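Visitor: Use the sequences and the hints to build the structure in full.
Number of protein chains: 2
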Amino acid sequence: MFNVLSELEKFRAEDIPYSRVLSSMCTTPLPIALKAHELFIETNLGDPGIFAGTWKLEQKLIKMLGELLHNPNAKGYICSGGTEANIQAIRAARNVIRRERKIDRPNIVVPESAHFSFEKIGDILGVEVRRAKLDEEFKVDVASVESLVDENTVGIAGIAGTTELGQIDPIDELSKLALQLGVPLHVDAAFGGFVIPFMNKPYPFDFELEGVTSITIDPHKMGMATIPAGGILFRDEKFLNALIVETPYLTSRYQYTLTGTRPGTGVASAYAVLKHLGYKGMKQIVDECMRMTALLVEEMTSLGFEPVIEPVMNVVCFKTEKAEKIKEELYRRRWVISTIKNPRAIRLVVMPHVTEEVVKGFISELKSVLRSV
Amino acid sequence: MFNVLSELEKFRAEDIPYSRVLSSMCTTPLPIALKAHELFIETNLGDPGIFAGTWKLEQKLIKMLGELLHNPNAKGYICSGGTEANIQAIRAARNVIRRERKIDRPNIVVPESAHFSFEKIGDILGVEVRRAKLDEEFKVDVASVESLVDENTVGIAGIAGTTELGQIDPIDELSKLALQLGVPLHVDAAFGGFVIPFMNKPYPFDFELEGVTSITIDPHKMGMATIPAGGILFRDEKFLNALIVETPYLTSRYQYTLTGTRPGTGVASAYAVLKHLGYKGMKQIVDECMRMTALLVEEMTSLGFEPVIEPVMNVVCFKTEKAEKIKEELYRRRWVISTIKNPRAIRLVVMPHVTEEVVKGFISELKSVLRSV
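For the record, the sequence lines run as chains A and B. Under the working numbering, residues 1 to 373 are what the first sequence spells out, in order. Under the working numbering, residues 1001 to 1373 are what the second sequence spells out, in order.
Think of the hints as simulated: they come from the structure by calculation, not from any bench. Model, not experiment: these values are computed from the prediction. Careful, some of the hints might be misleading.
[As the list claims (entries may be wrong)] Under the rule of at most 16 Å between Cα atoms (straight-line distance), these lysine to aspartate or glutamate pairs were calculated in the EDC-like manner: (1) B:K1035 - A:E38; (2) A:K56 - B:E1007; (3) B:K1060 - A:E7; (4) B:K1319 - B:E1137; (5) A:K56 - B:E1014.
[What the hints assert, rightly or not] Listed next, the stretches of chain B that the computed footprint assigns to chain A, with coverage defined by at least 3 CB atoms under 8 Å from CB atoms of chain A: (6) 1032-1043; (7) 1047-1054; (8) 1083-1092; (9) 1113-1122; (10) 1338-1351.
Glycine is no exception: its CB is placed at the ideal position from the N, C-alpha and C atoms.
Guide: Structure below.
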């Protein structure tokens, strides 16, 4: 047993620690999340009759997430992550609208800035993915969305916290459009769902907007829960019901999840973080991430970099033609950042593990890298 | 923190412990699996450049699974479980065959005994699911499969360890049929993958059969790893490549997984179990499960029950018109079994946690239940 564990430790040591990672939307789970995870390590929500307590806890968590998103009656579940949540939202919309309108070749309209997983979704679900243009601030252009909607459109999507720039689409305008056109609106707030409610400036993006049908919100991103913990919430149960299959040999009678076996660890760790921190503690963490983002902008500006947009949340990109080279050289030194292509820029995600010490260390390494690229 | 944890403990206490569960294909993870899990708790295989060590470990594990399944060159990955593995196998087959043959309305042919997740798969992927008849031993009837295949068939599936009866389809005959018809054959060995290789009687079911294209094998079932740990392996890389999307802002350039963020815990725990036990240790556990299955059959026979089929692996069903009542009364007493409908029977899964003590306790409770139903 010790041999095997020491072998595993060697592999694990090759991983880069989060304290040198400014590219990921995941982070070190809070200590209470780890303890909760351990307590629920055996649980399987795929069989809720066996894990009746864990299942109750999930219902409580869904209610808490619903409250956070202005709809305590929202229905949903904790899933493997943002991709599953987005698949299920679009699948539900496809199934509901296809049934109502006899659509043969369904399409959805998403912003150009939507996460790459929407390409997967198109392939998986057999839905054409139409990409709407962005405005000069990299928010989706609502007129472009409208122009792409036709009689085969089963849904539109807006992003509350884009992966590349952390930008927030005008969800209020998308909501009006969705109501006017009679199509479901899915909001991908996988990242922003645990940020926007705690920001000083309000950005309406959730169920308080009448046209919003479903929301992706991932506890394993800014919710500081353990992986895997994604979340999908629907305003109206009929969308969740459009995902149902019967489950003959389980303690439940039907299942609306994508996966079968489903860990309860994410439920427990997400619940523990929310309960432990409360809205006040969450706001403190978001505030600190925003303070570190501002610090990075300051330091980077003094190095001559310019942000692509003034950061809206804790993601920031800086224009440079040398983006790829900088990324590669940093990686060689075991620092991880990412890049975007349009415009060419380096991208930094300022998760809770990006402390002042991490920022200082990063800037110091970057200065050295800039002398060599 | 302590308040939150004690609240969580209360919920957890409402779950039924595995020592009273004879319905699940999951089990208590081995101690070494738990230790490995803990060590990799932060890891995310969705970003293999950050978690380079974990990613290497996954490649090693895939090779070990390939070796176990008679093809060390098989390509695949560790996923959320059997449903994702089956979705990806059928999606790959659909994409490859649709491209080669310009199919508009794809279908697959699966046994009537296939897991209910194939219904999900049909809905998700837009593939018609045709169910082939079973023979009197509840194995798929190969002639029925053949009769359902047409020019729009993108794949057929066989089950190596059916969920209801633990039966093994004639995979060798399906393999011949698949080669003859030129369609991919997927083998769902989510349960059987870690059982059949260690059984005394050989049942050819894996890549040693030339027609087998892909195999589902779940470490979090009989592999005694932590949840989530499913596995999907392909003989030919072109099927894995048919799942690829580009990943602009990650350390990788493309992604073939269904989910994005993906825990490394399942990889570590599955690897640890296999390394720690070796084939010899795995065989001992399978032998013990088969011994307990035989003991259950003996005890149940002496109570007047008759198995639906002589158990092939560690799943056994006993005919009774009172199946539902027995299940409900046992559940009221916090014992969990399941039932099947055709024929009416109670179903018992004899996982490694079903020790002689558990069998005795169960039989004793069942005797008491039988007096009251």
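Visitor: Each hint: holds or not?
Guide: We went through each hint and held it up to the structure:
no. : hint              : verdict
1   : B:K1035 - A:E38   : holds (11 Å)
2   : A:K56 - B:E1007   : holds (12 Å)
3   : B:K1060 - A:E7    : holds (12 Å)
4   : B:K1319 - B:E1137 : holds (14 Å)
5   : A:K56 - B:E1014   : holds (9 Å)
6   : 1032-1043         : holds (count 11)
7   : 1047-1054         : holds (count 7)
8   : 1083-1092         : holds (count 4)
9   : 1113-1122         : holds (count 5)
10  : 1338-1351         : holds (count 5)
Comparing the model with each earlier hint shows no violations; every hint is respected.
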